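S.K.: Those protein sequences? They're chains H and F, same order as listed. First residue of the first sequence? That's 123 in the numbering used here, and the numbers climb one at a time after it. First residue of the second sequence? That's 400 in the numbering used here, and the numbers climb one at a time after it.
Calculated directly from the structure, the hints in this document are not laboratory data. On a predicted model such as this, the values are computed, not experimentally measured, just so you know. Ideal Cβ placement from N, Cα and C applies to all residues, glycine included. Heads up, some of the hints might be wrong.
[To be verified] DSS-like mimics (lysine-lysine), calculated; alpha carbons at most 27 Å apart, straight line:
1. Lys698/F to Lys688/F
2. Lys441/F to Lys267/H
3. Lys629/F to Lys695/F
4. Lys445/F to Lys267/H
[To be verified] Some chain F residues close to chain H (C-beta under 10 Å, calculated; not the full set):
5. Lys403
6. Leu405
7. Lys407
8. Glu410
9. Ala411
10. Glu434
11. Ala437
12. Arg442
13. Gln515
14. Pro516
15. Gly570
16. Gln574
17. Met575
18. Glu577
19. Val579
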Amino acid sequence: MLKFKRVTLFCGHYGSGKTNIAVNYAFWIKESGRGVRIADMDIVNPYFRTKDSEAELAEKGIDLISPQYANSNVDLPALPQELYGLFQQRDRFAVLDIGGDDRGAYALGRFAPLILEEDDYDCFYVANFFRPLTRTAEEALEVMKEIEAAGGVPFTGIVNNSNLGEETAPENVESTFGEAHRLAGLSGVPVRFTTARESIAPQVRGENVMPLILQKKYY
Amino acid sequence: MSEKVLMKGNEAIAEAAIRAGCRHYFGYPITPQTELAAYMAKRMPKIGGCFLQAESEIAAINMVYGVSATGKRVMTSSSSPGVSLKQEGISYIAGSDLPALIVNVQRGGPGLGGIQPSQSDYYQATKGGGHGDYHLIVLTPASVQEMADLTGLAFELADKYRMPAMLLADGTMGQMMEPVELPETEPELIDKPWALTGTDMKRKHNIVNSLYLVPEELERTNIERFERYKAVEENETRWESFMTEDADVVVVAFGIAARVSKNAVVEARKQGIKAGLIRPVTVWPFPKKPIAEAAKTCKAFVSVELSMGQMIDDINLAIGCSRPVSLCNRVGGMIPSPEEVLESIKKAAGGNE
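If we strip away everything but chain F, and leave its shape as in the complex, we get (with noise of 0.2 Å):
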């Protein structure tokens, strides 16, 4: 629609997900991502979907597993500590080649941590979680506008890859309200022969399993389900450059950290100092080519980050360590400010001189 309406960054979830064909929905209140819950309580009923909130994140994970071997469009939405509750589920999910949405609105951590923002599961999303060999697409959002567009694309990619997909916000882009656009054409859905929907007798029988007997058997599925990941980030690594053509200094941030960034970096650039900002809206895959490309012409990395560093490896990795990368956070629910990241800009330049 062309219509604009006023939204919070949980609330333009629920509904992107309902407008991409969302019609099952089960979770389990968390503070800072309840209004999602809270919205699809609302809306399901009167769209002949189903919302459930189930007793534990556990049953709401395999509620997840459950539908989606139907080959619905399914999703389950927590923060941090709920998430961690979901990790065998969503393991399960990846080992049986499903596609899913799962919503994590970070909180504080570790433990039960607190509810301001933070963005500390970043290893937990992009580096595993659950046991096994296994990757999740992980979208992270920097307004309301992409809670609501990354929703649908990560529908979209976990169908087409058929591997679970997270989008990865914090409590702030899930609180915060801006004006956002939403999707009026009917979603795309893309045939899925493999789904459990009964055979009619018309049919051999399909099986949704993550259990095999035969180890040659389940180093077979490994390898070809690495196949796809390895399609996944030649395809669908997304992020977005501001200012990076001739910069000295670039910042690497995502979500509401990108945000900061941006008004530092525009704010140093005022100062007369060359600086740019590399936003992944993929943290996997990591957009590991543009940071290794700004390498060849600036001098130093800063990664800003609301955790005490986690990003920072993955950009050490895409730039085989070939300049300094130094780390500006906040972490226990703070957020640094344009002025802190601006101090970061200023020494990575002082530095290099």
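Chain H on its own, in the form it takes in the complex (with noise of 0.2 Å):
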């Protein structure tokens, strides 16, 4: 269903779901039989994170390369040096969680001449229209281009994660597609895929619904 490149980029509004999608979108990788890599480069949010996944990842055989300080006390934005091996060795697949809106998107600037240069890469955009301040197409459009400006990765896609958490309903899913094509439409990025949780996506009617196994939960 989906076609792999060799990186593939997670952007997007913070909280439209980038962490979880990319450790699935890892998974997926996997499970066509590819050696992949998962990499954190979210120097923003120090809550949700992948190492939140850690032993999921390591259970499949997925290497995680995340802060030296995630999911510690220490409140550090900085990068960890084996990034640059994501882009140095090439037989294997790389998937990155990039940080919400342009302010996390601004550490993937250094990379991004890396990943031009090779040619080989997906840089995904994550909408959901439930959020706030994402709920139409033109407000999503205004992100898109502050996260472009920021990274300085075109996007090649729309990811359309939009979702209510635990109480979503196919229709809630279905009742945003119009908004995603209109996005497509303004942005001239195409849609690529849809997302569900699990329990829900076999009854979403639409293309390329793609089932997400939920991260990280409380109470």
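If you follow the hints, you should be able to join the two separate chains into one complex; please do so.
M.R.: Pasting the structure below:
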């Protein structure tokens, strides 16, 4: 269903589900028989992180590159040096979870020349039209432009991850298809796939609906 | 509105404050409440409001003091170390009988502590914090929906009783995302004849001040203020009771600790232990009555906290030490698991048979 590029980036408004999708995407690449690593490049939010899925990733044989102080009490926005390996060793696939908004995407800037030079990448904009500051295609487009300007990597696809958390019903997801396609029209970037949590994904009527295994949960 | 959106707790506070008519926000960024300030920075300029990142928390709370004196709804937000810095200003606001909203999205302490969730500012929030005889109305949300609802309520109560209100959340509540329904109706604003709005040479000028040169006058204002506090205690104490009617063990917990405890209570019931939960929604005023009521029929209490046991004192006072109260806690940014709470419930149930 999905065609994987050597490098895949997940960007978007914060709280749109980038980390969850990045972890699941790494699972899918792995299941297709390829070697894959996932990197946490979020320097903005110290709370919800790729590292929360450390055990699940290790179990599937997916290497995790995560900042030295992730999930500790140190609020230090530093990137790990191992990140360079992702771009130098091209025999394995790489999934990068970028921080939210343009502030998060600044961290991507230093790797943008390497990514563009190799030219075997997907840069996905993760959209959730139930987030209050990206309710419409126009608002999402504004965030998209800010991220592109900060990160320096042009988007190649939109991932529609519209959801209301645990209360999401299939029709909630379906109700956002129109807005997602309007965003595609405004930005010139196609909708590549839609995501919904495992339990409801089969009931969502649409193209390319990918089931998500949810990561960190609170009580 | 009937339509739901998916929000972080911090964002829900910000949007709810805007819908409550708050157009003035002063703050200084600190993890884990920064999304609140970031949201205000984006929204306020679009609706003719004022977002100002002050040079410090102390400056921010004094800006709140200033705007509040003009009668406008105003707020600041921070996390534990930042809220410590605000204490002097909070005391001045209380001493001047002004309404304001202060949000504390708590993190681990003391000192710089850590960035992970905590409830260890309970004493500071409920027993003063700043100097002098005063109270804050302290509301403790346990869902993202409550982050929004209690923000609106905090503004209302602050205006009604002319005193500062505090939303006492924790890092988890600030960061977690849940669907929220936000109010679509215009907020009801009350008249504030005491506000500094300019006399137009038509009335006597108002004075906002916390300095009294005559001791008798200062004593009188303190006594009058405590009459109002009494009214708050009588009318505004809020809590949620869950399966307490026949409970042998009553868990008392607020915020994230209450969510964990609810799971543990349900599991305990499945295992045949009669457990219940009292969740204070206000921790000042503290829900003494329902807890004292529960003490008449239950065998023991368990206080579940993300602190070294700060609320346990209030439980003991509420029941006059008539039942054993044990503590189930984690600190340093850790959250007790439902299994740990269940274990404490079992111990409390077994110890009194």
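S.K.: Close enough to count: is the Cβ of Lys407/F nearer than 10 Å to one in chain H?
M.R.: With a closest approach of 6 Å, the Lys407/F hint holds.
S.K.: Closer than 10 Å between Cβ atoms is the bar; does Ala437/F clear it against chain H? Give me holds or violated.
M.R.: Check passed: Cβ of Ala437/F comes within 9 Å of chain H, closer than 10 Å.
S.K.: Is it true that the CA of Lys441/F sits at most 27 Å from the CA of Lys267/H?
M.R.: Judged against 27 Å, a Cα distance of about 16 Å means the pair holds.
S.K.: Less than 10 Å between beta-carbons is the criterion; does Glu410/F satisfy it with respect to chain H?
M.R.: Status holds, d = 6 Å.
S.K.: Taking 27 Å as the top limit, are the C-alpha atoms of Lys698/F and Lys688/F close enough?
M.R.: Holds, at roughly 17 Å.
S.K.: Does the closest beta carbon of chain H sit nearer than 10 Å to the beta carbon of Gln515/F?
M.R.: OK, holds: Gln515/F within 10 Å of chain H, min 6 Å.
S.K.: Against chain H, run the beta carbon of Glu577/F and see if the smallest gap drops under 10 Å.
M.R.: With Cβ-Cβ at 5 Å, under 10 Å, it holds.
S.K.: A closest beta-carbon separation below 10 Å is what the hint needs, so does Pro516/F meet it against chain H?
M.R.: holds, 9 Å
S.K.: Is the shortest C-beta separation between Val579/F and chain H less than 10 Å?
M.R.: Holds: closest Cβ of chain H sits about 8 Å from Val579/F, inside 10 Å.
S.K.: Given the hint that Lys629/F pairs with Lys695/F, does the C-alpha gap stay at or below 27 Å?
M.R.: Roughly 25 Å between the alpha carbons, so the hint for Lys629/F and Lys695/F holds.
S.K.: Should the hint that Ala411/F touches chain H count as held when the rule is a Cβ pair under 10 Å?
M.R.: holds, 9 Å
S.K.: Against chain H, with CB atoms and a cut of 10 Å, does the hint on Glu434/F hold up?
M.R.: Because about 8 Å separates Glu434/F from the closest Cβ in chain H, which is inside the 10 Å limit, the hint holds.
Taken one by one, the earlier hints all hold for this structure without exception.
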